Structures are given as structure tokens and as C-alpha cells.
Amino acid sequence: MQDNLVRHRYRPQAGDNNDTRDALTAKSAKNDDLLPAQGLITNSSTSTPARPAQPRQSNLNIPPSDGHPYPSGDDRTGDKHAMAEPSGSFRHESSSRGSIDDEEQQSFLTHQDDDVGTYVRDNFHGTHDFDALSVSTLSSDSDNEGSAAGFLLLGKSKKGKKGKHPQRKATGIVLLACLIAPLVSAWKNAVNWWRRRPETDSPPWYPSPRGGTVKRWADSYSKAKAMVERMSLVEKVNVTTGTGWEMGLCVGNTGPAESVRFPSLCLQDGPLGLRFADHITAFPAGITTGATWNRDLMRKRGFALGQEARAKGVNVLLGPSMGALGLVPAGGRNWEGFGSDPVLQAAGAAETIRGIQRNGVIATAKHFLLNEQEHFRQPYEWGIPTALSSNIDDRSIREVFVWPFAESVRAGVASVMCSYQRVNNTHACENSKILNGLLKDELGFQGFVQSDWLAQRSGVDSALAGLDMSMPGDGLRWADGDSLWGTQLTKAVLNNTVPMERLNDMVTRIVAAWYHLRQDSWEQPPPLGEGGPNFSSWTDDEVGLLHPGSDDETIGVVNKFVDAQGKGAEAHSIIARQVAVEGAVLLKNDDGVLPLPRQSPEPGRTYRVGVYGEDAGPGNGPNACPDRGCNQGTLASGWGSGSVEFPYLVAPWAALQTAWNSSDVQATAYLDNDVGDDELADKDLCMVFVNADGGEGFINSDGIHGDRNDLFLQKGGDELVQKVASGCGSGKGKTIVIVHAVGPVIMESWIEHPGVKAVLLANLPGQESGHALVDVLFGAQDASGRLPYTIGKSLEDYGPGAQVLYEPNGEIPQVNLTDALYIDYRYFDKHDISPRYEFGFGLSYTTIELSDLRITPLQKKYYIPSPRPRDTAVPPEYDNSIPDPGTALFPEGFRKLKKYVYPYISSIEEVEGDGHYYHYPSGYRKVQEPSPVGGDEGGNPSLYDLYAQVNVQIRNTGNRTGREVVQVYVSFPPVSEWDEDGEHPIDFPVRVLRNFIKVQLKPGQERNIELTLTRKDLSYWSTRYQNWIMPTNGVFKIWVGRSSRDLPLVGEY
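Each residue of the sequence shown is one higher than the one before, starting from 3 at the first, in this note's numbering.
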């Protein structure tokens, strides 16, 4: 999301040749499904920009669909079925069909050592649309070399391999065949090349699966049905469409359904607190929370976030963030998430969601999917008319990026936000493969999908692809009031372009989520009650405009100044401080310089301390720049929509002034980055504060456009550290470096300086920054944070696939996530690159010993999961007949507000035919089979069966209470898959994190720790079998230790 600081939005105007509304939406796809679309958001017949030629392709790959514009003249429209109408009755019947039954599974297991290709060809034929999948050369994995389509169908590879021919008796025929065969082969190759030509396009997945298939949601869906079936068409549209930017008190506001007393919903950022709100807490950022590696603390922080949202009348909290995941270490929004590993990210997300939703507030898992950089994330924000495409293979998308979302769905998340950019050349919010196929089918998501703010780039296509709510409701340009839904969606339903069934599912998902979180027990907003949001995002005054984005001058009480921060022992500042404490990572501690004493080390002698750097002080205050969009004073948050207004910020120097309780200690602050030699020479101890900032792409500060330009410290930080370390006490003093940063920073210019005795990475600590810092520096609590990412010795060490694309490489910038499976530490391990500090690393003030590793198998290994279970509930059924258009007209005498988004139509003529036809996405009329990996929230329940138990003894051998993070990593055995082309070895990371636990121990205390591994933990995604496969031959290595490279215990399973 972003806000009204963005000024350079584009709205296509009359006369545009290449940039009409639907030239940016999903309308120029290949078509054999052309239906009347009178008065709709129709496809444009104008030419569209040519796609740059792409040398690589993705497993999510078929001929273009889902809204990627073709070059003018590209003849891919298929047959035009004039006046053909969709049935409006597509059903997604989940059942065990499309998976395999128990007998088939046993048969499959008996063929493990045979040609499994033969078995799959004989038993899986027709189960999946394998022809919609082509093999990715984006991934370097050798398991992606063969085509699933060629493998399963005719025994021919898409490489054009020529099969055997019968002998010809006639010599002339033989010679003719010899002449023709090369031509036929060449023709086949050309056809295959043409079919696969936009080599990174996303395949279609229709229809959108209906919600209500899971027993845990059955009561909520039953209640939702009873309400939705009483709604009028315009009320249904109203619930699914935002009312527009600044058209309510929150950053997102839906319309109500007044006849059934369903209220307008308030949607508000964000992942670390309530944006634009008063009397709230500025919690530590997600990256700091991830650095705690403390599941319990993650959940408590989430619970406090939910409490504050509930107290302020927020229905939907727009967090947590798990995308960006952190593949690109300089990515601007990495700090909003929990770390650069799918398992750590998943834990942070799931625990936060559980905490938030315990308060009845709907949490939002975002951003789905692959929003890994800010540059070119959306059209016109970066001076080009298109958004970049994040291109990825079939395996990496599931094993890395979808993993945290799967755990979020398992945790019961009720909303998912789709992202700005394209995924395999289709905008995420109209990408049927990722929304319908991955999220709603494979993951069994029961809640609703909302767009990021202005991430919706089409009307009809986004609805068909699985989008359920348009935010903030405006169209292709910021605050234009010209919605892609609203009136347009009403028209689309009335002329049957969008099936009534799809609209019913959209609104039912939203209402079911409302019931599921028991928001029907909340007091109604005015005029029916005194509920709803009690703050305004647009003014700090008590009284203000109710619809400030319109021409309406109606005012009312908009800020009631409700204190949501908690009181006494329940004050949320306590949780915020603890997260900041446990999220601080001690990287270096030579000579045990930390923890610091509270008195002078030499009683009777004045001990002189210098505190250096702008980052130690308050600057111009924490809220000096909108959305924290500048780097001044101490850094406690990144910038953008994920930030909040600080109620206060305890700067490090403010807390340090009272940290020493002796008159023998003299501390002096120099709160800028220009230090004189005379300010260093007499010091015994020097504390230097440095930082690196970044954030969302709509803000540009100090030459940083969201994504950082590099991984170096900013504002001369490296030079400041070197000068302080060299000059402290004329070279005899000790220097401690404190780093606040949005992500990893390169430390090579000073990390081995003999004067640098300690380095503490405090991440982004939130409002309690100084207090938490003192707690760690002086040993009130152990240093127990662990790195949520790798700190390399150079940006290049992270690999070519981990770099920000700073300049467009085509009209539609292409970002090929070629090493996505090898994210962060996995890339370092694969290429044997020594990091400065590895993933999971962090020092403690005590010593912890790990011993006695025991690995207990819990059940026999099976190659594939159990068959997909039948649905445990039945989706609601409705009368899907189209209502009388007259019921959708503006009420007589209705006063329309400027730019406010309404669901009404102005005349029936807007709906009636004018001879135009709607170009449906390719594959729209083909009903997809349910995936065998679906069947419940998070996927097939069999994936989460426990297969191994890991026990380890842990003992505190030091003299202080301390905390340790026990980390479990898995190395896969050698695996190959076979088809008619031969053997295909599967490539794996050296090891992957699969579980962890944080333990606190008193001196001498000893505990036995138990962790478990699931089927999914021990499986990889097979692009050939389209399933999670557990190797059954060979042994897994199970590593246990303190970081990704400190693993003293290893066993086998």
C-alpha cells in the first residue's frame, strides 16, 4: 500500500493509443471465449506494447493468459463465439478425485525402484493439466529439465525428440519420408517454440474455488449464506468494493449492506502498529521480531497488535507481512517481514496471526506474491507504464515463497493481500494460477483476497481470477474515483460477464470472515450504533470531515482519542521493549567487553564515555517526515505504509544518560556524524551509532528510492566507525558499534579493526529503543537475538539473483528469480562462500552446551502424501439468477459525492447490448481438477503428519541466566526422477532450516528439548508429479546447533 504522497499516477485519457484502461488490465489474452460485454470494462482493440523477448521460461508457463497484453497483430484470439454466454454455474467440487486412493498409493510405493514414469503415466493421466506446465530454465535445478507434458502424454519431449517409425517397403516412400521428417521435426519445434514463446507466462486456473469447504468455517459460512442471500445485487457489490481513497476514516473502507445490517469495514495498516492513529504503540518491526526467534514473543506481540486494532474499531489489520521474503537483501520492504528463510518467516507470520485474531480482528497475510523489490513494482510509479514481472519456477515458488502463506492459512488467517507486480507476466491480483490455483485450491484458503492499494489492474479478469475485494476502490489512478469494480462490477454481473456465482462467493467469503472472527458481536457504526473506527487517518483534530476525499463538507467527531496502549502490567510498551531486547543480535564481543558495568571499572577514577553519531539522538523527532520517510535521528523503523506515528521514541542517548549509577562515570554525547579528534582522545569507552534505512517505493529520501542502493552504512557511517575506533582514547580506548538497519549491512571496512571490541545489531527496535538497548548493553537481560538473514562480505556474495533491478530491461521489466531456491544462506552454502556472520548467528553472555542428540522415527516413510481428503463442509448454494437491472439504479434523488465509489448504475441502457464482446482469459472455460496437495487449510493434512522426533539435551554451563535458540536443519539424500529421457537428479540446498525453539536456562540448569519434523519438512516439490515427494531411499541428515554453520550435532533419519 501507499498513500497520497504519490503524485505521479497515470490515468488513461481519451485518444490514448496504447494505454487505455484495459490495455493495462487483463484483456488482451488468447481467447476462444468471447462473450457479450455491453457497457463493461471491456477489452481494448488498441495495440499494446510488445513484450521484450525472454530467453528463459517458468514452470508456471503456458501461452499467454490472465491479462498479459500482446503485441499488436499477435494472432492469438482463437475463435469468436459471438453472443455465447457463460453458464454462470461453474462448480469447484473438491473430492478425492484428482488425487490417488489408498490402493493406488500402495501400488505407487511398490514401484519406487522401478520406472516411476511408467506408473505416473498410467495412473495420473488426466489428473492435472500437465500441458499447461512447461519446464523452467529459470531454475538451475536439473530436476526441471524434462517437460511434464511430454513426459505424461505421447512419450515425446518438447525438445522435439523424434520417435520411431515403422519400416517402409517402398523405397520412394522411405526417401520421401526422409525428406519430410526433418521438415516435420522443424515444424514441431517451431510450433512448440511458438506455444511457449512468452516463456514466463502464468497458466490459467479456473473457476475460482468457492469458500466454505472446511468444517472449522462451516458455521461462519452458514451464517454468511443466511445474510448474503438477503442482500441485493448492489449491496453485494458494495461489500466487495472500497469506497475510494479518503472516503472514510480508515485507509480502506468498504460499503455497507444496510438492509441486512452488514457494516462498512475498516481496513488499516499495518504490520508493526496502527498507521495514522493516536494513542497506539510503535512496536519493533517484523525483522526485529524475527531476530528474537521466540515464537511465544511473536504471538504476544501479535496479540497486542490485535488488541490495539480492536480498541480503535479496526475490522481488518493489514499485517503481518511475509513478502518481501528477503531474497534481495537490499529490498526496500524486507524489514516488514521476519527474515530471509521460509520457515522463520512462516513462524513469525503464523504466530502473529494467531495473536491478532484472538481479539476478533481479521489479520492479513501480505504481499501475495513475489514482491521482492520496490523498483518498478507498479505502473507509472517509476516513470514507465508497466509493472515488473517476477518470474519463477514451479518448485521454488512453493518451497520458498508460498511456504509462509501456507502456514498463515493453517493458522486461520482470514484475509490475504495480493501484491502490485506481475508474477510470470500476469499481475498478481488477476493471476488465476496463484490466487485460484495456489491459494484457494492448494492451500484451501477460506477467507477473502483483497488487493494492495491500486494493485488491481483489471475488472472482470481480476474477479474471475480470485480477487474478492478491491482496495481502496479507485481505478487505475490514485484517488480517481473511477473504480474497476463498483458500478462496473454491477454491470458485469447484470450482463452475465462475471457469473453471479463468483460475486456470491466473493461477498460470502468476506461476510464469513466477519462472522468467523465474531465481529457480528461488535457494536454497529453510526447511525445504528457507536461502533466503528474511533480515529481519523486524515486529521488529528477531534472534529473533521467524514469524507475528506470528496466534495462533501459534512463534519463530525472523527477522533475520540481512545487509548489503546494498555495499562500497568498490561501496557504494550512492555511487550515492545521485550521484543527489542530479544531482537538485538550481539555479533562481536572481544575480551568480554559486554555487558558493561554500571560503575567505573577503576573506582576513584573518572571513566570517560563518548557517545557518537546522529543515530544516537532524537534528531528532529521521530515523526519529522511523513511515513518516517527520511533518515534523521535514531532509526527505529523503516519507511512507508508499514510504519506508524510514534507516540514517543526513547533515543539511545536519552536512556544512556541514566544507565550509569556512579558519579565516577562521565558520559558525553556528540550527536552528529562529524567527529573531531579532540572529542575522542580522552575517552576510555566510545559508543558509535550508525544505521541504514529504506522502505516502500513511493518515498525517495537521500537518493534511496525504497530499495537501498547498496548494503553499506548510510550518512558516512563506515567512515564514522573507522574514525572513532582509531581515535578513541588516542588508540587505546574500546569502541562498541551499535547498528540500526532495515537489513544486512557490509562491515568489512571496520569489523576487524582492533579498536572495535563489540558490535550489536539492534535492528529496528520501535518506541522502546533506548530502554531495550540499555537492558542488553548492561546485562539486565542476556543478548539472545539471532540473525534472521546472512551478513555477507559483499553484496555480490548473495548471488546474481539477489540483486535489485535498478534500470528497466524492457518495456515490461523482467526479474528472473533464477536462484530463488537458494535464498540467503542456502546460496552461501551451495557456493561455499564464507559470510561475515551466518544466518541464525548470535552471541550470548553465557555458555550453552548441546548434547545427546536422538532422532526417533514416528512412522514409516511414504513417497507421496495421502490422497486429498474430501471436503469437510459444503459451500453455500444460492439462486444465481440475474436480478432485474432496475434494482441496481441510483435511488431517485440520490446525492452523489465526487469521487466516491458507488455500486449503482445510472440507466438500464448501460447494461443492454451494443455489439461488443468480452475477451475472456485463455483457459477460462476449462474446469481445473483439484490438486492432490489440497484439502484443508494449509494444504493436504497429510503434509503435516509428524514423521520424526528430535531430542537434544541443553545445559547452561555459564554463570548467568541466558537464552539459546536450538535450530534444526535437514539435508536431503540423493534423489533422481526418471522418464523416457532418462535420469534427472534433483538438486537440493546443502541444508535447510526446518524447526527451532528458544530456551531460557538459569546457571547450571539442564533441559531435554523436543522438536518434530513433518512430512512436508522432509519433502520437496516435484514438478513432474505435481506433488510433495518424500525420498524413501537413502537417509536424511538432521543437524542441530546454534546457527546455519554452527551445527555440532548431526544424526540420520
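Note that these hints are calculated values from the structure, not bench results.
Note that the structure is predicted; figures quoted are calculated from it, not measured.
Don't be surprised by glycine CBs; every beta carbon is placed ideally from N, CA and C.
Warning: the hint list may mix true and false statements.
[Said to hold, decoys possible] Simulated restraints on C-beta separations: (1) Asn622 with Arg897: 42 to 48 Å; (2) Asp221 with Pro976: 36 to 42 Å; (3) Asp684 with Asp834: 44 to 50 Å.
Output the numbers, in ascending order, of every earlier hint that fails for this structure.
2
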